[in-house]
Amino acid sequence: MNIHELVELNNQKRKLLTEENRKYYEKMLVYIRLSYRISDLETEETLSELLDHLLDAQEEGKNAEEVFGKNPKKYADEIIGELPKMVTKERTSLIGMGILFFLAVSMILSGIIALVSHYYFTEAGLMKEFYLGSALLKTAISIPVAFFLLYSIIFYLRWSCFKKINKIAEFFVFWFYGAFSVGLFVIIYLFIPSFGPKLEISVFIVIMSGVILFILGTLFKRKIEKGKR
Amino acid sequence: MSIRSQLLKGILEGCILAIIERKSVYGYELSVLLHNYGIEVSEGSIYPILLRLQKEKLIKGEVKKSQSGPNRKYYSLTDSGARALNEFQIHWLEMKVSVDQLLNKGDEN
Numbered sequence: 048m049n050i051h052e053l054v055e056l057n058n059q060k061r062k063l064l065t066e067e068n069r070k071y072y073e074k075m076l077v078y079i080r081l082s083y084r085i086s087d088l089e090t091e092e093t094l095s096e097l098l099d100h101l102l103d104a105q106e107e108g109k110n111a112e113e114v115f116g117k118n119p120k121k122y123a124d125e126i127i128g129e130l131p132k133m134v135t136k137e138r139t140s141l142i143g144m145g146i147l148f149f150l151a152v153s154m155i156l157s158g159i160i161a162l163v164s165h166y167y168f169t170e171a172g173l174m175k176e177f178y179l180g181s182a183l184l185k186t187a188i189s190i191p192v193a194f195f196l197l198y199s200i201i202f203y204l205r206w207s208c209f210k211k212i213n214k215i216a217e218f219f220v221f222w223f224y225g226a227f228s229v230g231l232f233v234i235i236y237l238f239i240p241s242f243g244p245k246l247e248i249s250v251f252i253v254i255m256s257g258v259i260l261f262i263l264g265t266l267f268k269r270k271i272e273k274g275k276r
Numbered sequence: 405m406s407i408r409s410q411l412l413k414g415i416l417e418g419c420i421l422a423i424i425e426r427k428s429v430y431g432y433e434l435s436v437l438l439h440n441y442g443i444e445v446s447e448g449s450i451y452p453i454l455l456r457l458q459k460e461k462l463i464k465g466e467v468k469k470s471q472s473g474p475n476r477k478y479y480s481l482t483d484s485g486a487r488a489l490n491e492f493q494i495h496w497l498e499m500k501v502s503v504d505q506l507l508n509k510g511d512e513n
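Protein chains in written order, with my numbering: chain R, 48 to 276; chain G, 405 to 513.
Be aware that a few hints might be false.
Unchecked claim - Computed footprint of chain R on chain G; a stretch qualifies when at least three of its residues, placed anywhere within it, have a C-beta under 8 Å from a C-beta of chain R: (1) 422 to 435; (2) 438 to 449; (3) 455 to 461.
Rather than coming from a laboratory, the hints here were simulated on the basis of the structure. In this text the structure is predicted, and so the values were computed from the model without any measurement. Even for Gly, the Cβ is constructed at its ideal location relative to N, Cα and C.
So that you can see chain R by itself, here it is in the shape it has in the complex (with noise of 0.2 Å):
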């Protein structure tokens, strides 16, 4: 089975636990699928073979805490620490695809917002304003801040697993961090001056090329999953 088939299986079994032993259940399914440290075919398995335990022990009266112990946090770390790493080609794979997204997406929003404010304001060309030298600068930077971004926010969800946090509070968390993430990134744009050869391209060329990164990232991305079955 590849790992989409076992995530739906599970989603399907998972439907026939009683609402406790789904909750204890499925902290500790959250928490282990965040740990991405490791490699997912086997996570998946494993996961797997712990809920059909769940269900086997729920028909004998049992429930999740007599089976997994009081404390899913520390039962959760005792598996992903025997789990096998995820190996190091699986890893560059996975930043590299990121990568491609990143600036798949990057692109194509540029190339929308030149052209948005083409139609809206006149004064705006159809032809996107370059320095290489700049250009060059914002891409090395931003790529290890949306990297950092998402990392805290695995790091926010993994240490919220067990624990019971206001909505409300996280909501407004959420508000800030986002608020906070999209500002970086202005900065980084608008404080690091043009150096560099100009170049000017066309907007529709931008989008075009985001379009091309991003269907390169979707080939990429099945080209991982093909590997691990």
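Place chain G on chain R using the hints.
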């Protein structure tokens, strides 16, 4: 941790290997068999051990259809698993004899 569970921690791996040698089992089945042999552990604790034994290539897991219907991951012993079990048995006997002697000596004095 109680003395009992500390004692068990080290020998549980050997017990699991011994059960898997007799017949290939899936996780839930294994926990039931351990229980039937009087080896009381929390059921979940077998999974980290099963993962470790797989990593060390002492056992291998294979997804097969079970009698009750759904697919299960059945574990069986590898060649090096059989050797590891053999070693465990030797160490266990040695240790058992010495510990018995030690404990019984205490009685005699």
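Right, here's what the structure says about each hint:
Proximity of the segment 422 to 435 of chain G to chain R, defined as three or more residues with a beta carbon under 8 Å from a beta carbon of that chain, is established by the 4 residues found. Only residues whose C-beta sits within less than 8 Å of a C-beta in chain R count toward coverage, and the segment 438 to 449 of chain G has 4 of them, enough to reach three; the restraint holds. Counting residues of the segment 455 to 461 of chain G whose C-beta sits closer than 8 Å to any C-beta of chain R gives 3, which meets the bar of three, so the coverage hint holds.
No hint from the list above goes unmet by this structure.
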